[in-house]
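The two chains are supplied separately, each in an independent frame; assemble them into the complex guided by the hints.
Now for the letters of each chain:
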Amino acid sequence: MTQDKAAGMTRRERFEAQQRRRSLVIAATSTTLVVAALVIFVPMSPGWEKVQKSFFNGAVLAQTFPKLLDAFLINVMIFAWSAPAIAVLGLLIALARDAKSPALFPLRIFGAAFTDVFRGVPVILTVYLIGFGIPGLGLPRPWNSPYIWGSLALILTYSAYVAEIFRAGIDSVHHSQRSAALSLGLSERQMMRDVVLPQAVRNVVPSQMNMLIALQKDVSLLSFIGPVEIFRQAGVFKSLLANFTPYVGAAIIFLFVTIPATRYADYLMSRQMRERR
Amino acid sequence: MAKLELRGVVKRFGTNTVCDGIDLDVEQGQMVCLIGASGAGKSTLLRCINLLEPTEDGEIFLDGEDIAVPGLDPQSVRARIGMVFQSYNLFPHMTALENALLAPRRVHGLSRTEAQPDVEALFTRFGLADRMQNYPDQLSGGQQQRVAIVRALAMKPEVMLFDEITSALDPQLVGEVLDVLLQLKDQGMTMVLATHEMGFAREAADKVCFLQDGRIIEEGPPDQVFGSPKRAETKAFLERALK
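From first to last, the protein sequence lines are chains A and B. Per the numbering used here, the first sequence starts with residue 1486, numbered consecutively. Per the numbering used here, the second sequence starts with residue 23, numbered consecutively.
Treat the hints as calculated values from the structure; they're not laboratory data. Remember, it's a predicted structure, so these values are computed and weren't measured experimentally. Glycine included, each C-beta is placed from N, C-alpha and C at the ideal position. Possibly wrong hints are sitting among the right ones.
To be verified - In silico negatives: residues of chain B with every beta carbon more than 10 angstroms from chain A:
1) D45
2) E87
3) G163
As the list claims (entries may be wrong) - If the Cβ cut is set under 8 angstroms, some of the chain A residues that face chain B in the computed set are:
4) I1594
5) S1661
6) S1668
One chain only, chain B, in its complex shape (with noise of 0.2 angstroms):
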């Protein structure tokens, strides 16, 4: 059994459909890139695994679970499945620490000196213990998405999930964040990131999907996909997004 299963899994916004019927296996310790051009439904996709949109259609199971029955409670969930976004959303009015306490606090009801140490080494670990008591408007935008992701890390989730997470940043800082992303592969965490870093994807990728028009049309090991990919729409878009 897959850590995380998507069958025919179907979105809408109106008439507009922007997941098609998604189906998708995610191992336990994977990390799948989902690439392809902009509006194909990656962001999507990853907002409705996390509950953030409620989906028309299709099953998502976490562990074998449903999480996408109508009406069940997206809270629990969320709480097992962490999420980066592009524009890191940090909370403003708070410093990073307090960013990455609120969420264990509230949901799972521990105290500021329990939830501290096992944040605190979290903030250590990435490199950002002397910032910990800035602002997000004092950080740099790399160690704000950080400080995002240690954020999401903080309520201990089983599955991640990154949309885009390096798009807002300027090529410089790019490499701190993606340096993260490769930490958390080695310690087994189960991740899903859309990304338009096609170098990344092919070096770290477990497996590759490519999406058009809200439908993985081919997915595979990176090497296959980036090398010899089956279907011409796949070569298309390479080609441009490597030119």
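Only chain A is shown next, with the shape it has when bound in the complex (with noise of 0.2 angstroms):
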């Protein structure tokens, strides 16, 4: 009982902290014995050595991953115009989709349809239909370049998701935000430019940076019509050196970008939930 007044800490504390370093003990051990198992067993399987010099080869990665970096270059730019045209057609699309006045009826159909088909139809084939198909219109250069067609490709289809999005963003703002707005005398217009997009699209944040996500991963596709990004690049190192090491080297690459970017939009998101509590 002394003890325990000198220590400072209130019945409640002690127990708290029995239960952490409890647990703590628990994940340490699980945790090595689970690194242990790999360490040891993954070695011992007959095809390891094989595995370990054509995957994980320290020289090839070594010699690939700064050509790597230069491809991925390429990759961070398709991204980069990429991004901000998605924004910008997805929110067009999901205000064509809510559009009232009867004139943007054919808005409304068009925004409808093209959702519907820019995702119903896989990625890989929208590049490759819009990437191969537009320049064999033979148009002259630079506008049959695969990486104008390719990005487009992109934009549409990542338009479709991030359209749908907002429009659940702007379905989350309460209704009663749109009769105050009104109450006051604002037109609709102005009601969802001033009163409910600013809130709708905080409110989606977090599911448009998974978005952004999925893209950097997607800008990969592109290869399979032309442009010499990291994925691209690593083939060729493939076939040069017969060795799959340059695609880890990709995929590490990969991981630099993504692991922050997803943590970061976890972030956002428990924050809103929190928020929102």
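In structure tokens:
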């Protein structure tokens, strides 16, 4: 009793400290066991030496890594111009789908058809159809560039998803906010622009972050129609060196970008959950 | 001619008749309190006056002009009638000041510098001068509701509608909001309140209307309605409400 008083802890704090120590010991033990099993048993498998040589070859990694990084810049570039276009187009589609005026009815139909088509077709198919189809019209340089049409394919596909997220965000703004805006004499447009959209966009930032992460990875699909981005570059090295390690190198580079981005999106999401409570 | 005149106003949601032929006169500068059980149609009636709900039938005259005509542009009417809601409905992404500046800027087309002096004066008048730069979630319920009143007043409305504006407040915060209403009454604002604050209605209202099932079944000066109700329903309601 006196001892506890000296430690300055309440009964509850003592109990919780004990619980924490306990779970720490359990977590450490189980992690050690799993890692030990991997380190001991995987190399015991019959094909391990071959796999190690062709997938985890340090020399090959060191040789190809700088070139892979260079190629990754192309991914970053395509991402950098596609993402803003997706945000704008996605928002426009979302607004078109919720348009109320009868004059804008064709826009509503178009918006619905757009999201149905581009969400319904695998990304790689869209990339193929647009990336090969449109330059096939015999456009002059530079308008036959796979960069342009590949990016367009990504923009169209992702806009369809992003638009649906924006719509969910618009729906998430409580209708009493609309009543308040209208009661002040604002028009439907002003209500949308000044009251609903700012809240809607804020509500969906974490979900849209996840779309950005997915986009960053899907940029690699453009390799199928020409651009030598990181995945294609890794493929070139694989053929050249008869070794799969460059693919592992490419994966490592992706993870360096996507893991912090994913963590950040999770952080935004949990912060939003806390705010709502 | 009364400032606001309702003649046979009918509002239905599907087959559910919420306002069943309501007649009401509100004179310039009068405070009219609508009382009655939840679901009697008080809130819906206020929303109809502000054209937030389209009416099925009947006329609503503002200065003798029928504003309930189907097809009329509601914006210009709403700019003349202010409304305050039970749940404040402040815009959470704007400071208190921005909340109040939005409509004068957008609807009256004023610049920020043109609109700001009058709006700041309103904040000062209602003891909110040091709260203008706060966001709604940094304010107490009573402060939020007062900001909502300021936001409506910033449009310089001719009539104010209050929809159970103290019902979401802790009891100790109700007083500061009711004080604002008394100030507005002193300044001659025409007001219609849906309220459960019987004591306040009795003390401050010029006229009290008791609603039941979408009709005004009794109306009159507060002393008469509260003191010697003519209808058995009114008496029963008041006995329950004042218990």
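A quick look at each hint next to the structure:
1. D45: It holds; B/D45 is separated from chain A by about 24 angstroms at its closest Cβ, greater than 10 angstroms.
2. E87: holds, 16 angstroms
3. G163: Correct as stated: the minimum Cβ-Cβ distance to chain A is 15 angstroms, above 10 angstroms.
4. I1594: This hint is violated: A/I1594 lies away from chain B, its Cβ roughly 26 angstroms from the closest one there, beyond 8 angstroms.
5. S1661: A/S1661 check passes; min Cβ-Cβ to chain B is 5 angstroms, inside 8 angstroms.
6. S1668: holds, 4 angstroms
Hint compliance for this structure: hint 4 alone is broken.
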